[in-house]
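Student: Please work from the sequences and hints to get the whole structure.
Residue numbers (our numbering), protein chains in the order written: chain A, 8 to 523; chain B, 25 to 561.
Hints were generated in silico from the structure; no laboratory data involved.
If you're wondering where the values come from, they're calculated on a predicted model, not measured in any experiment.
Within a straight-line C-alpha distance of at most 30 Å, the following computed DSS-like cross-link-like pairs (lysine-lysine) qualify: (1) Lys186/B <-> Lys150/A; (2) Lys157/A <-> Lys185/B; (3) Lys424/A <-> Lys396/B; (4) Lys369/A <-> Lys390/B; (5) Lys424/A <-> Lys390/B; (6) Lys114/B <-> Lys369/A; (7) Lys359/A <-> Lys445/B; (8) Lys103/B <-> Lys58/B; (9) Lys347/B <-> Lys359/A; (10) Lys328/B <-> Lys310/B; (11) Lys369/A <-> Lys347/B.
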Amino acid sequence: MTERIDVIIIGAGHNGLVCAAYLAHAGMKVLCLESADSAGGMSASRSISDDYHFPGLAHVAHPLSRAIRQDLKLDKFGYTPGKAIDTVSLDVDGKHLTIGSTGVSGEGLPARDMSAYAEFRERYLAFAKAVRPLFENKPPRLKDMDFPDKTALVRLGWNLRMGLGRESMYEFLRVAAINIYDVLNEAFEDDRLKGAIATDAVMGSAMGPRTPGTVLTWLQRLYGEQSGPLSMQSGQLVNALTQSAEHAGAKLRFGAHVEKILIENGKAFGVELAGGEMLKARIIISNADPRATLTSLVGAPQLDAMFANRVAQIRGSGVVAKLHLALSGKPEFTGLPESQLGDRLLVAPSMKYIEHAFNHSKYNECSGSPVLEITIPSLHDNSLAPDSHHVMSVNVAFVPYELEGGWAEQQSTIAYKVISQLGQYSPNLKSLVVDHEFLTPRDIEAEFHAVHGHWHHGELSIHQSFMMRPLHGAAQYDTPVDGLFLCGAGCHPGGGLTGLPGRNAARRVLGPGGAK
Amino acid sequence: MNNYDAIVIGAGHNGLTNAAFLAKAGMRVLVVEKNPYVGGATVSRELHAGWKYSNCSYVCSLFRPEIYNALDLGRHGLKVIPLVSSMTFKQDGDYFGSYSNPNIRRHELMRHSQRDADAAIRFDADVMRWCRLIRGFLLRTPPDPGSFRPRDAFEFAYLMKKFHELSESQLYEFIRFFTMSIAEYLENYFENETILAHYSGGSIIGTGLGVYSPGTAYVLLHHAMGDVDGNVGAWGFARGGMGAVSGALASSFQAYGGEIRTDAEVVNINVSGNRATGVELASGEKLSARVVVSNLDAKRTFTKVMNEKDLPPGLLQRARNFKIRGSSGKLNIALDGMPTFPSLPKDSSLTLGHMHFTDTLGRLEKAYDDWKDDRWSADPYCDTLIPSQYDPSLAPPGKHMMTVFVQYCPVEPEGGWTDEKRDQFGQTVIDQIADYSPDFKDLLLHAEIRTPRELEDEVGLTEGNIFQGELTFDQLMFNRPFPGYAQYRGPVKGMYMCGSSTHPGGGVMGAPGANAAREILRDLKKPDSTPAEFSDD
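Tutor: Right under this line is the structure:
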């Protein structure tokens, strides 16, 4: 290589791309290395044959924040927030509940819940808004704060006390660290409604509705909602990010699997690829899971033993499997009008149901009644499947990483069980299935290099959030290795398609005390 | 005529502590109690002829030594005997013993895991550090985050200063400790399944959470920070049973001139012109006082003895939403002799301490799953003690008294509690003990079985929650019992709260009672009779 490289980014997931684009826009020479042969990571689309294509592991998303769209000129590169979709909480007898941006409706819904829902949403959106400065900046240290740390804390305090007002602030302090189960039981009666909201709080985490900390995970979801309603995720986001980064001069290289971060005298100076090629840069940023980055790419010998010990304690084992179905026709759901087929359909009829599904995963079992999040992406984009054919994408929770009795023997049985469970809601589905793919957390680990197949590169529990994410000593996107930074979902503020870890990391690299 | 300076509703240990400090400061104080005896949940009663059951709380470790000294409880007959060990029976016939003698404990740890024996040194030091930190906050009134008063600002500054004394790394470790589950926290130290289960148990006692629920690591502290003779982390047993604690408190209170009326249930706190004026008893009698203090739990206080019209908007809703789910049961057993435990070596001293029968985290967690579904577990976690071994006043010579604290027990099983269901619940506990003690059932003379239903009916604890409200984040410090009401003052002038529903919460600690007394005396501009600051050993 003759050309000078300032920054090497390991991994071209959406956070890696956001980070690359920001740095490239700031004038740095960026090289983004991706082991797969396309960009996007978990948001990249995938195919199970030449005919059937899926929008990737993350099949639904909120729009990126206006700030990121403007900074990276994403709209110019073809990014538009998708058409809003509603959420339907499915009922096995066909009495479904629809939750949309305008409110909630459905047969048998108590009138009280309808008005309570509006009030509830408003309150929690206000909470999510109050904690925005916390999400949009590097998490403040609690000691040896620099100026931005202090500003972020003061703004947070101001937002809570003055923005919310005394009574609302009290309520925020009460609920911030508790479980969604109690909060929803206080507010609503309808099980389908509570099940649907609780699903959003726990999906992707090894937590049930009764696990303390699930209000916080839900507030993280609501953060995304401030930028716009939920829509189908398409390849558009990844395309726009790639183009924005490349347009600003960033280079992307595919099929480049980083095996090692090169370190000398405690300073990172490059990476070594599989095959032995070495690339040098003065800044290395990893979009990979912090555990993988620090243990496999850096290695414990390069780290202080206390720090290495803390890395080993990072928690996060994936609990969501993905089922992709290729269908020879359009599925019908009992009691669901065709106009709603394109919405996000949930099988989470009550919080108790979710909790039971979660219970099994604690003992490395797979529940016979999992929580399902179903989309039919081909209804939004007919290029995904041949004429009159369809693809269905289903998140299945809770599915353990380690399965008692081993995955190899049971993977297909469990996939068929999920298909027949879907059949309870969609009687014609089974007859339409022409092909399927079932990605367990183990497969997700193998495909996307997410340790233990965890969506968020580490559990979003309170003790792994903010200034403790992924761990203290590496929470402000830097690491004990000089010149090595982190920018993935394992960093504050965590997973979801917000792009915030990538953006915050780029700002950290560029900003005061950063590398530039 | 019956004009008191203060009336305290409920003669639980916090009510008595509060009353004693008020009386000590020269006030004319009356304690009214619905039961014919004092103590609330801190009682010892002869429910089987010849046997004395401490049928609610059964150990004391959290009771603040500062209060013990300030109220001269030693002179009033309170003597705490330290407990020397705890142990867990394994299903494979082995056992793990945790002795208070550090050398012997280390030997025993090494027998199970060399690595864990090393980790225990680090674990003890870390937990001790958090104990010392937290203990400093127990006898202080939490600041109100919604207030701009200098006093609250000062208190926040004090907290910040305390935390600032920690290194950055310790600060984050503390936050992690405060927010993690006990199982995950312990897994940072230990690897042996039995050792993990053994040290997790203390964190679920009285709690509607499982060993894997975030926030349970902190509960460990609630149980580990007791003092017995200045020995941090030790448990103790009151000679004569827990009734001796309330007995000594009552005696101290009376020595300061206080008055106690039993069989006097309060049905209403009278309010006039936004000021508490006294109480009304079930008999219709009205008593007046300048100050009314409720030792009842917050839910009961605001939904039962206060009038809705006297409450500001929203408070009733908060009281209804107060988390006070019952999760524990209790068996008090009269034994014809000392049961044998064949897993233990002959004459093992481990029978003198806590005995447990749950040897894996999975079994603990599954018991919690059953509770979530409103069932009692067929495999419950039992904290078992036979205190008659060192306190002969509890049972006739040669006989024994066993106390079994059971986690979990549902507030209400499907279809509600019946006496038959209560007995079935008791039977599962008896069966579990019998699995490890073959002669246990033959020795069993009498068993009193208590579910949340019995605890609520007798003691008045809502849903039988032993801490007068769950110890979750939403109900700790300035959130306890509700945000804006954490400084012991009620919604009307002259009305206060002094029970475990207030900071720092449950356990036979006395701190809420003492803290409330300090606030009352402050409002009345009387000299402070409470221990001002935590006295470190």
